[in-house]
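This is what each chain is made of:
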Amino acid sequence: MALPPTIPFLNWPWDDLLFLILAGLMLAAAVFVVIGRDIVRSGISMMFAFAALAGIYVLAGAVIVAAAQVLIYIGAISVLILFAIMLTQTKSGPAQLVFHRQAWAGALAAVGLGLLLIVSFINTQWPLRVEQRLWSATDEVALLLFNDSLYVFALQVVAVLLTAAVIGAVFLAKREEAPDPGEPAPVTLQRLRRPADASAAD
Amino acid sequence: MSQSLEAYLVLSALLFAIGTFGFLARRNAIAMLMSIELMLNAVNLAAIAFGAFTPQLQTHAALIALLVMAVAAAEATVGLAIVIAIYRNRRTPLVDEYASMRE
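Top line first, the protein sequences correspond to chains A and B.
Sequential numbering from 638 applies to the first sequence in my numbering.
Sequential numbering from 983 applies to the second sequence in my numbering.
It should be emphasised that the hints constitute simulated quantities derived from the structure, not laboratory data.
Built from N, CA and C at the ideal position, the CB exists for glycine as well.
Check each hint, because a few of them may be wrong.
[Stated by the list, open to error] Selected chain B positions facing chain A (Cβ under 8 Å, derived; list incomplete):
{"#": "1", "residue": "1016"}
{"#": "2", "residue": "1030"}
{"#": "3", "residue": "1063"}
{"#": "4", "residue": "1065"}
{"#": "5", "residue": "1078"}
[As the list claims (entries may be wrong)] What the simulated footprint calls covered on chain B by chain A, stretch by stretch (three residues with Cβ under 8 Å from a Cβ of chain A suffice, anywhere in the stretch; the number is not a length):
{"#": "6", "stretch": "1034 to 1042"}
{"#": "7", "stretch": "1050 to 1061"}
In isolation and in its complexed conformation, chain A is listed as follows (with noise of 0.2 Å):
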């Protein structure tokens, strides 16, 4: 059975009602990630915002984006963040107070900022728009990727900046093997009572 080219009695493409219920789940999902008391229902609903957006994506005919950001964010940088999130988890729980007291300001620069973007898009005549959404083709992407040599420095640029994330990632994460003199006070705190809970326990 097929499916009539526009919903009925509404008499809307099938694609308006897709992209509405898409928008929709990703503002509500990318409002919890900022407004979530619990950090990690926040990054679980980050996961949720990312894979809407990856369908927005499909439904503006970039397949091949959409392809990468189920890769990328939702396989690679949300499993990379919730794991920060739990390394990072308070025995207490959620923090009390999840924003900071001037989170009023926040609030009515992001509300300026979004009026103004919003405004200077609608008013904009955009000359070289088409009508029509075009559809991007996979294979025309690789060819300009691989010949375009602009396209093929920034690929070696990234290439390199990957390298370099991952090895300064390391680096900074990882555990120093000796106490270091100049360390500030709460952690040569606690390694100076180490021993002398040792010796009560004698």
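Use these hints to put chain B onto chain A, whose structure you have.
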């Protein structure tokens, strides 16, 4: 609606504003990083939207989005490593308690 450039751009602006609010208002450093990811995604969505409605930009937009994703991955890796390194020292992920650089 899915055939209009403005719908995608407005969606991207809303996502960027949400990310801005999260970055400015959250106390948790990882929540701030997540907000940055949302803002990067908003920029990607705008690039893809322009590519979808401009024949001259079409494949370039996809490539720019892919490059932004790679840089975002690198940024997330280093940012989270820094957060974990600070957490190991200060025992808290809340940025307003990292006050020692101010003194």
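- Message: For a quick check of understanding: which of the numbered hints are violated here, in increasing order?
- Response: none
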